[in-house]
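Chain V is fixed; fit chain D onto it per the hints.
Chains V and D are the protein sequences, given in the same order. Residue 92 in this note's numbering sits at position 92 of the first sequence, and the numbers go up by one each step. Residue 314 in this note's numbering sits at position 314 of the second sequence, and the numbers go up by one each step.
Hints listed in this document are in silico derivations from the structure and should not be mistaken for laboratory results. Take every hint as true, because none was put in to throw you off.
Pairs of lysine-lysine, DSS-like flavour, derived with a Cα cap of 30 Å: (1) V:Lys274 <-> V:Lys262; (2) V:Lys176 <-> D:Lys176; (3) D:Lys344 <-> V:Lys272; (4) D:Lys344 <-> V:Lys343.
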Amino acid sequence: MCGIFAIFSSDGKAIAARCIHGSKHTLRELAYRQSGRQRHRGPDSTGVVVVAEQGVAMVHERLRIVGVEMGDQPFVSDDGNLILVANGEIYNYLELAAQIAKRRGGYKPKSDCHVILELYRDYGVDLLQHITGMYAFALYDKRTKELLLARDPIGIIPMYLGEDTAGNIWIASEMKCLVGVCERVETFTPGEARFGRVGAMRRWRHFEQPWMQQLPTLACDLSLLRTSLESAVRTHLHCDVHFAALLSGGVDSSLIASIATKIMRETNPDYKLKTFSVGLRNAPDFEAARQVAKYIESDHTELIFEIEDALDGIRDIVYHLETYDVTTVRCSLPMLLLARYIKSTGIKMILSGEGADEIFGGYLYFHKAPNYQEFHEELVKRVQQLHLSDCLRANKVAMAKGVELRVPFLDTAFVNYVMNIRPQDKIPGELNTFTNEHKTRMEKYVLRAAFAEDYLPDEVLWRQKEQFSDGVGYAWIDSIRRVATSHVGDEEFALAGERFPFNTPTTKEAFYYRCIFEQQFPGESAAKTVVRWVPRLDWGCPEDPSGRAQAVHQNKEAETERERA
Amino acid sequence: MCGILAIFSADGQPIGTQSFEGSEHSLRELAYRQSGKQRHRGPDDTGILVIEEQGVALVHERLAVIGVATGHQPLQSRDGNIALITNGEIYNYLELTQKIVKRLPGYQPKSDCNVIIELYEEHGNKLLEHITGMFSFVLYDRRRRQLLVARDPFGIIPLYMGKDAAGNLWFASEMKCLVNVCDQLQVFPPGHMAMGTVKQLPSPVRYYQPSWRQLIPTAEVNLKHLRQQLELAVRSHLQCDVPFGALLSGGVDSSLIAAIAARIMRERDPSYKLRTFSVGMSGSPDFVHARLVAKHIGSEHTEITFDVDDCLDGVRDLIYHLETYDVATVRCSLPMFYLARHVKSTGIKMILSGEGADEIFGGYLYFHKAPNYEEFHQEMITRCEQLHVSDILRANKVTMSKGLELRVPFLDTALVDHVMGIRPQDKMAGALNEFTGDRKWRMEKFVLRQAFTGDYLPDAVLWRQKEQFSDGVGYALIDALPNFAARHVSDAQLLEAKQRFPINPPKTKEAFYYRCIFEEQFPGESAANTVEKWAPRLDWGCPEDPSGRAQAAHDNGYGKCTIDY
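So that you can see chain V by itself, here it is in the shape it has in the complex (with noise of 0.2 Å):
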């Protein structure tokens, strides 16, 4: 994975050198020292392209995965007028290469982005409906001037829109490379393509899909629903250095771990896969990850670390995140350690559990949820606000060190496939009718029925959910909250609604955290990218976002008991 930098001039000609910090920059200096801002996410290398007539200035910071040698960008067509910048992974571009190479004998893409600029030279903007992955690119036209902008159905991979005081059009993977010299700042939302030129660029939707409007009314085909987890998986292997994956001790990433062991061992029966847990001393995922880790015989590692440790990174962690959400920060800390430690064993990928919450709705408030209408509504919710909790985390906390991670539950047709079920066979607790059966059933049941037969322990199969930040030991909740807390004193809390009129601090933990993002990312603009993760309140939820303070965690053991029966 990487980053992508670029500037448009607003009309099309060229931007001049201006001063800086006290020093004069070229459109190429600023491009290239705007971006550094967001090196960390291409650690191995960095490409730019100037168009120095037309006002464009495309950077990409690039970390080696597929097509290692070839695959530097910025990306430039063979007759020099279409370059792109993209990041993220094309899923099926060896399936898209061999058709082109029909079209175009001897073509061979120099990585999988590479195909979007060939898609484009035949289907223009439609390209978008025939790549699948995670991305977000700029494609420059010089012919015509045109741009095209996208990002992928989902957010998993993050892009910024800016625009200066002259107008001009700045794009980012991370909006650090935005504040200080864009006026606006917004997130590019997940499945949105804009084209055009400059000032005059359509906006649409590319992914829409009917489970967004209606009722999915399809029953769970339970063996359906295991192969299309197993072809997600399938895909989310390509990758040419090594590799890895997150074991949380949850259902989520173990099966993805246990599937990825399978599907190495069809050709490598002596396959080991390397697995990664992080947690306090004695943390309750530790027992989980390792049962895990025994029964699908992985090369496991277990990072503990100190919670002095995990809170010298507050700072840092608002930093990369670019949210002062308060579920974010909190369970993106053990997080970060875990991403520095696989980065200094040499490992580039790992593969981890993200989305399978927010599809089959595996958060415990689910249970409260009073019918399947709103249970289903509530899931549309989550996914759409994938980007701005989960996936931010899980990209940014990554990327902060170099790693890219990857999500095979929110492959493309995985999510489409999940979302078309009935909500009757994914709700949680006693509404559940199953097979037309009425019976309380854990939350996720269908996926852990899926995957009954010898991928997993039953233990863990069977395990409820723990919000991360919980499941790495309950003393870091409340460790990190009273640091925070400890910074801030009662005077200025007591003016948090004047210091910030948009989405007011209630805490004083978040306080902290708004106050670290506000140093980093001042502007009305910046605060309004952030979206905080609430419970459904109106379903009886407490505002404490950690999993712990959820009802039916008390009752863990025995409906586990109980469903197991």
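Below, chain D without anything else, positioned relative to chain V:
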């Protein structure tokens, strides 16, 4: 290799929470944040030890190379009284461990640096007579409230010290950690140490005092000893628990190191292939020579080509990393900066290189102009003492900017003492050379080349004349830099250079531009004073331009002038 940072309160009392850049910072938070500026030196792990009641904070940013699993720092003595942060490698640690074991049965060092603690317990500051290697360390004895700070003989590893407004004492591997918190800062001199209490820490005193610094040596060279000594040096530099490689600049120095390393590695594994890397513009003459060497020693060789623009992009970042505005250093470092990033991206954490040979053998072309033996020897001493502000500063900071450790066997202490103990008559370049009492024109570094005739290197490389690194990689870059810099500086600005920069006023637009970038990142007089300029001997008739190409002896053998500047 790593980065270290330490803070000691002026009075040995706790340092309270202070407001810093908009939020409250505890001592630990301040230490972590400032050390964050050198976190590139230690991408793998950060370790912190705070002794609240004595106002002490020690931070270690780690690149794990030896003792990967156990070498986390700060290290502490068994009784917890002594704490240590070290950056570097103690090459004789296994030998030292055997001695320590006699005193402390069962002792096992957690890494090479661990022995410093045990040696301190036994020898106090005399421990410096026992360790050999490249290092900077800060050791704190909390019972005595005493600290011991030291830096290796030649300053391969950087170390800065500073004092803030409250009189607290700071140490850091890189100046960037100190510049916004300390009023006074200075380079901690190589070969020096300071021991005492915080209140009364004496000025650093020289502990490394070889006789060749005082007397002109009279020993004749013994080629066999010379060869053995260098082989021993390389052997000790190969202690490494992670993947490593070697640089091939195409010159004799780095080629010899790679050739010797390949031989040593093959003692255990006859099929061993060393990984080697070269950098240059396409068509660079150095590639040809490096390729010859790679073929000769059977290495797995990678050529990294860059174009001028790629290197120019890095000028600002490079000055930030180098912490210098010296023109020659900036120029030479650009290709290496590019190279280091690539090498790191392949998973290699350590590389061997040839720095130091020119200083101890008198390999620079301007040494041909030395008027007599005394001045020749004297100039070598000067060059050795300036290594830490020129080649070694460059080598260390450029590679560490990408989290890559560079090792320089030519600067092994025993080897330097051996070579600097050889009489200048044998080493002198040009017509005054009197090797074996036979006065005859000989090439620079004649004895080194002569010692390794036989099967080490192809003759075309063994007897190839020195090119300054900056020239060898491509004249186009050297030609481009003055023009590039000149675009950023007006004539009027240059005229005011003395007023704006009274310390070391820049004389060219190129120097002026580098200075502006430096000033922006490291404001203040004391930062400017840490920089020393590399200059050939003007009194020997050398031109001021530091480019090797400008020296008369180049390319022809016999002092015919080929100055093309």
